[in-house]
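Given next are the chains, with one letter for each unit.
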Amino acid sequence: MTKTGTDFKPEEVMISCIAREIKNGDVLAQGIATPLVASGYILAKMTHAPDSVFLYTIGNTLSRDAGKVALSTYEDLSIGRALKQISFTDISCEILSAVKPKEFFRPAQIDKWGNFNNIVIGDYYKPKVRLPGCAGIADVTTYYENIYLYVPRHNKNTFVEKIDFVSGVGYLSGESQAEREKLGVISPGPKKIITDLCVFGFVEGRVALESLHPGVSLQEVIDNTGFEIIIPDKIVETQPPTAEELDLLRNVIDPYGVRELELLSGKKRLAKIREIYKQEIGA
Amino acid sequence: MEGKLMTLTEAAQLVKDGDLIGLGGMTLYRRPIAFVHELIRQAKKNLTLLAFTGGFESDLLVGAGCVSTVRSCYFGLESFGLAPMFKRRVEAGEVKVLEETESSIAFGLRAGLANVGFMPARSLFGTDFFKVREDIKVVECPYTGEKYTAFPAIRPDVAVIHSQLSDKFGNCILEGEHCVDKELALGAKTTIITAEKIVDTEEIIKRQADIVEFEVNAVVELPKGAHPTSCYPDYPVDVEHILEYIELCEEGKFEEYLQKYVLGVKKHKEYLERVGKND
Numbered sequence: 001m002t003k004t005g006t007d008f009k010p011e012e013v014m015i016s017c018i019a020r021e022i023k024n025g026d027v028l029a030q031g032i033a034t035p036l037v038a039s040g041y042i043l044a045k046m047t048h049a050p051d052s053v054f055l056y057t058i059g060n061t062l063s064r065d066a067g068k069v070a071l072s073t074y075e076d077l078s079i080g081r082a083l084k085q086i087s088f089t090d091i092s093c094e095i096l097s098a099v100k101p102k103e104f105f106r107p108a109q110i111d112k113w114g115n116f117n118n119i120v121i122g123d124y125y126k127p128k129v130r131l132p133g134c135a136g137i138a139d140v141t142t143y144y145e146n147i148y149l150y151v152p153r154h155n156k157n158t159f160v161e162k163i164d165f166v167s168g169v170g171y172l173s174g175e176s177q178a179e180r181e182k183l184g185v186i187s188p189g190p191k192k193i194i195t196d197l198c199v200f201g202f203v204e205g206r207v208a209l210e211s212l213h214p215g216v217s218l219q220e221v222i223d224n225t226g227f228e229i230i231i232p233d234k235i236v237e238t239q240p241p242t243a244e245e246l247d248l249l250r251n252v253i254d255p256y257g258v259r260e261l262e263l264l265s266g267k268k269r270l271a272k273i274r275e276i277y278k279q280e281i282g283a
Numbered sequence: 284m285e286g287k288l289m290t291l292t293e294a295a296q297l298v299k300d301g302d303l304i305g306l307g308g309m310t311l312y313r314r315p316i317a318f319v320h321e322l323i324r325q326a327k328k329n330l331t332l333l334a335f336t337g338g339f340e341s342d343l344l345v346g347a348g349c350v351s352t353v354r355s356c357y358f359g360l361e362s363f364g365l366a367p368m369f370k371r372r373v374e375a376g377e378v379k380v381l382e383e384t385e386s387s388i389a390f391g392l393r394a395g396l397a398n399v400g401f402m403p404a405r406s407l408f409g410t411d412f413f414k415v416r417e418d419i420k421v422v423e424c425p426y427t428g429e430k431y432t433a434f435p436a437i438r439p440d441v442a443v444i445h446s447q448l449s450d451k452f453g454n455c456i457l458e459g460e461h462c463v464d465k466e467l468a469l470g471a472k473t474t475i476i477t478a479e480k481i482v483d484t485e486e487i488i489k490r491q492a493d494i495v496e497f498e499v500n501a502v503v504e505l506p507k508g509a510h511p512t513s514c515y516p517d518y519p520v521d522v523e524h525i526l527e528y529i530e531l532c533e534e535g536k537f538e539e540y541l542q543k544y545v546l547g548v549k550k551h552k553e554y555l556e557r558v559g560k561n562d
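Chain order of the listed sequences is A and B.
Take the first sequence: its position 252, counted from the start at 1, is 252 in our numbering, and no numbers get skipped.
Take the second sequence: its position 159, counted from the start at 1, is 442 in our numbering, and no numbers get skipped.
Be aware that a few hints might be false.
Straight-line C-alpha distance at most 25 angstroms; calculated DMTMM-like pairs for lysine to aspartate or glutamate [as the list claims (entries may be wrong)]:
1) 126(A) with 411(B)
2) 100(A) with 429(B)
3) 278(A) with 527(B)
4) 268(A) with 530(B)
5) 267(A) with 533(B)
6) 278(A) with 411(B)
7) 268(A) with 523(B)
8) 182(A) with 418(B)
9) 268(A) with 418(B)
10) 414(B) with 179(A)
11) 162(A) with 411(B)
12) 560(B) with 275(A)
13) 191(A) with 247(A)
14) 182(A) with 504(B)
15) 267(A) with 530(B)
16) 489(B) with 228(A)
17) 268(A) with 374(B)
18) 268(A) with 527(B)
Don't read these hints as lab results, they were simulated from the structure.
Using the sequences and the hints, build the whole thing.
What follows is the structure, encoded as structure tokens:
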């Protein structure tokens, strides 16, 4: 029996959940500014998936090296320790469609079918908030086989009845696989949504509760989700991170807490960046 | 000057108002910052910015009012957050966005290079992209009958790529993220290389060029020309400088930043002195 860690934060549970979705030998694509995902990949690599290969967006490289997650020294790992340098043109036009790596996306909005948005909040032509854009999400979610979503701040701004722009393909409106293919979509749809409160799966294309993180109540999840979720008869608890996982994460993979940036905004985020940077240049 | 070597001022004069301009590098990595400064000093107007990823350099250019349309699939400052001036100008309706994806730009550039009208891909189906990109058509595969998205060819007027090493002819080395730089350089009508260092052609031959001289119209030597973005392995991202920029923008003081580091500076050397990097 593995020893369970006793004191952990929500982001540490998320990272552990991400790591457990990785199988040995997976090719893992890592997007821009996603240290939670990077931490999960490295954790899997250091535990049960030593032969996974990373496709780094920052670096445009393929690598089998697992080091630290970093803010200012990221390229030392992603480029300095790469197996192969590729151009982004090759990644977009060949590698992604040929290899179909596993990838975790962080939506700004998600609906009950797992369709998601990273473009704008509000009207497209008069946006309330202009977001960075969806990068390659509208390309790959039409054909990837292993799509996962994650939400570091589970609330009603993210889980909404109607999203303002569909830039990531979920289960559309619940069409069958044959109907999806007629529409040009060959992907089966996302597998899971990992949040700071729970893990969702999908039942007939609809968002359904899979497990609650330790200490989180069902009511908390319902209150923070802007649409009706499918609730199973028997509710299980998310397996907490092990003592070994927590030790690796805190002392080896991310000693300066880069992962926390995904949970912070505004001045708090800038202050945390300064703090991490001081430690990185001092190291 | 010899070969295609030019001053920064001369090279920037090759960019015309209204051009479709592609800037090399990715978000915070190997961006042609010094060249962007000069575009702002020359007060370029109505540029359409082709930014596979728009980062610090693009935010400056958009903030300074040089850009009327942005073509991008990601415009942000990575872990630092949203790009403040892009966000502000788009939300105010001052800049238009032509919504792109990684594939729409990558396949678009490849179509331009192949001298065909489009390249097919499996992208966009099931999304709202077709509502905001009515110019993108769907084609039927003549062999399988499947539907494909037909990404239209992209042919930039100008490409500006910052390189670690170049010779005076424009044969140059790109280290770190190649992004879509090689396609930009090969496909653009005018290609400008800014380089950390100008070296003898023999140095390029030893390592093999990523961009070859016939693709290039101008070469400018600009040490630390990517600051505050990184130029791997020579220097990393200047975190403090980017934080200063974000904080000024958040206080509504973009103009102050521009005066301090761009408009109030005549030459790149003076900028390096101002940021304490003139060593």
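Here's how the hints hold up against the structure:
no. : hint               : in the structure
1   : 126(A) with 411(B) : 16 angstroms, holds
2   : 100(A) with 429(B) : 19 angstroms, holds
3   : 278(A) with 527(B) : 15 angstroms, holds
4   : 268(A) with 530(B) : 12 angstroms, holds
5   : 267(A) with 533(B) : 10 angstroms, holds
6   : 278(A) with 411(B) : 43 angstroms, violated
7   : 268(A) with 523(B) : 15 angstroms, holds
8   : 182(A) with 418(B) : 22 angstroms, holds
9   : 268(A) with 418(B) : 42 angstroms, violated
10  : 414(B) with 179(A) : 21 angstroms, holds
11  : 162(A) with 411(B) : 13 angstroms, holds
12  : 560(B) with 275(A) : 22 angstroms, holds
13  : 191(A) with 247(A) : 28 angstroms, violated
14  : 182(A) with 504(B) : 54 angstroms, violated
15  : 267(A) with 530(B) : 9 angstroms, holds
16  : 489(B) with 228(A) : 63 angstroms, violated
17  : 268(A) with 374(B) : 24 angstroms, holds
18  : 268(A) with 527(B) : 15 angstroms, holds
Violated hints, listed in ascending order, are 6, 9, 13, 14 and 16; each of the other numbered hints is respected by the structure.
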